[in-house]
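Taken in order, these protein sequences are the chains called A and B. Quick note: the first sequence uses this note's numbering, first residue 1, plus one each step. Quick note: the second sequence uses this note's numbering, first residue 181, plus one each step.
Fair warning: there could be bad hints in the mix.
[Stated by the list, open to error] Under the rule of at most 25 Å between Cα atoms (straight-line distance), these lysine-lysine pairs were calculated in the DSS-like manner:
id : chain 1 : residue 1 : chain 2 : residue 2
1  : A       : Lys149    : B       : Lys184
2  : B       : Lys477    : A       : Lys158
3  : B       : Lys477    : B       : Lys496
4  : A       : Lys138    : A       : Lys180
5  : A       : Lys75     : A       : Lys101
6  : B       : Lys496    : B       : Lys415
7  : A       : Lys149    : B       : Lys183
8  : B       : Lys476    : A       : Lys156
9  : B       : Lys476    : B       : Lys415
10 : A       : Lys156    : B       : Lys183
11 : B       : Lys415    : B       : Lys364
12 : A       : Lys138    : A       : Lys75
13 : B       : Lys226    : A       : Lys158
14 : B       : Lys523    : B       : Lys446
15 : B       : Lys496    : B       : Lys476
16 : A       : Lys158    : B       : Lys404
17 : B       : Lys364    : A       : Lys156
18 : B       : Lys184    : A       : Lys156
19 : B       : Lys404    : B       : Lys469
Everything labelled a hint here was simulated from the structure, so no lab data went into it.
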Amino acid sequence: MITKTIFAGFGGQGVLMMGYTFAQAAMMEGYHVTYLPSYGAEVRGGAANCTVAVGDEEIASPIASEPEYLVIMNKPSLLTFQNRVTHGGVIFLNTSLADIKPTRKDVTVHEIPLAEIAETIGVPRGQNLIMLGAFVRKTSLVSPQSCLKSIEERMKGKRGAAWESNRRAFMAGYEWGQSK
Amino acid sequence: MHKKVLMSGNHVIGEAAILAGCRFYAGYPITPQNELAEYMAEHMRKTPGGIFIQAESEIAAINMVLGAAAAGARAMTSSSSPGISLKQEGISFLACDELPAVIVNIMRGGPGLGNIAPSQGDYFQATKGGGHGDYRTPVLAPAHIQELADLTMDAFDLADRYRTPVVILADGMMGQMMEPVIFKTPPPRQYDESYVLKGKEMGKSRFIRGLILDAIRMEEHNWKLYRKYQVMAQKEVRYEAHLIEDAEIVIVAYGTAARIAKGAIKRLREEGYAVGLLRPITLWPFPEKELREIAKKVNSFIVFEMSTGQMLEDVKLALEGRAHIDFYGRPGGVIPTPAELAKVIAYKARRNER
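Generate coordinates for the entire structure from the input sequences, incorporating the hints supplied.
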């Protein structure tokens, strides 16, 4: 089985990093993985998205025409992608930057106030990892341990203050997912 | 053995080239291959003897590669479609001079400046000798990132073995996409360095030239190159046959299109259609014999490309009218889905039954 997820937001929100961290965690668990970033004649602050496919078989196309999961970090991304998610799929929505609700009624929506959670734990720049934590908890596509290892790998094994903030952000999201 | 890592195609080409001993890279920016030049800029600096040059143009870059190859370096340049057009003169010179080099084309939509989306419109240019004169270049077409790593290393060996420019032909999606990859440790470079220009007072005079005014000597040179191409055509054909044994319909596709075809085949098989895939890995030399062999049992072929039909001509030439050939293509940077291709093939299969 192959599961596809689109991560979307604006440049600077760590959307590509979120997708990469997840993809690398899936690779560490031995899955087939593809990661495809959006690229284009784009500008700073513009739209950013990436598609991650994870499966226990060879992945034919890294593109998701009907993804199972949608991780939405802002309002424009919701408007762009909500119609793509497959029937019965799941939308993870950052309600801090999206003041509207998805119009789709055939999907599950998890509403996550990322800015609020980030403020509570004192990691304002960790919103992408809070989202990833919630995503991993709700989907069980990979283990939280693999994700933490993937984050560590990304930071070249340095376990300083930044690592601690990132770990806290990820775990805050994971626990949010557990409580809902 | 290297560790399994998640890397983009562009970065993988760079790393594989450096591991293979590439110590000279020159290029000029163009999307969607910029990350390759970026990787080389960062990593050539850290590699003893490594040189990275951002040239003033694509033409300068290919000529710098020619110079480096003449001096005995493993040299590479890369670009995307419009930039590769500019390099053609240099590629023709490399072929005539019999110098080894690797040229990477991360294709985008064309003709003209086109767009920056993945496309397969440069098949003719790559396989039919895109520059002037009577020459060929081996063309390697990877379909996944691991293969991209392996073929990049092989490209340098091929270039040395036959003293020829070698083209790696991939598209924007292969360049941008990340997949897990394990880099091999290639064997040390082996080559006959009798052609290498070493500088004044470094032994006997040597000549490398692409200007042969005497027609008879030029003809001799042409036949010499031709014989070399004949040997490559005999020895260097590579392909993947996927679910061919019981197939009633065979798709012929390469690179990204072949991935999509595999997805379509999975769907079609679940619906009971016996479909297989022949994926040329070398586009030149083309797996002609293998296609003819399959045509002994299969009467229906579908060529699938992200173009209006270029490899189609080679399939027709190979099959010489022995089987029915259909075509499906999406040019211009559109990436078709496996579901879309499956529908097209199911339709054709039902029509064939009638």
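**Q.** Distance restraint between Lys496(B) and Lys476(B), which requires alpha-carbon spacing of 25 Å or less
**A.** holds, 15 Å
Q: Take the C-alpha atoms of Lys404(B) and Lys469(B), compute the straight-line distance between them, and say whether it is at most 25 Å.
A: Since the Cα atoms of Lys404(B) and Lys469(B) sit roughly 24 Å apart, the hinted pair holds (cutoff 25 Å).
Q. When you check the alpha-carbon spacing of Lys523(B) and Lys446(B), does it fall within 25 Å?
A. Between Lys523(B) and Lys446(B) the Cα gap is close to 12 Å, so the pair holds against 25 Å.
Q.
Holds or violated: Lys158(A) and Lys404(B), Cα atoms, limit 25 Å.
A. The hint is violated at about 58 Å.
Q: Take a quick look at whether Lys364(B) and Lys156(A) sit within 25 Å of each other, Cα to Cα.
A: The given pair, whose Cα atoms are some 22 Å apart, holds under the 25 Å limit.
Q) When you check the alpha-carbon spacing of Lys476(B) and Lys156(A), does it fall within 25 Å? A) violated, 55 Å
Q) CA of Lys477(B) to CA of Lys158(A), is that 25 Å or under? A) Given pair Lys477(B), Lys158(A) is violated - Cα atoms ~59 Å apart, limit 25 Å.
Q. Can the restraint linking Lys75(A) and Lys101(A) be considered satisfied, given a maximum Cα separation of 25 Å?
A. Roughly 9 Å between the alpha carbons, so the hint for Lys75(A) and Lys101(A) holds.
**Q.** Pair hint outcome, Lys138(A) versus Lys75(A) [Cα-Cα no greater than 25 Å]
**A.** Roughly 22 Å between the alpha carbons, so the hint for Lys138(A) and Lys75(A) holds.
Q: Sort out whether Lys364(B) lies within 25 Å of Lys415(B), counting only the CA atoms.
A: holds, 23 Å
Q. Is Lys476(B) within 25 Å of Lys415(B), Cα to Cα?
A. holds, 23 Å
Q) Does the structure keep Lys156(A) and Lys183(B) at a Cα separation of 25 Å or less? A) holds, 14 Å
When held up to the earlier numbered hints, the structure conflicts with 2, 8 and 16 and fits the remainder.
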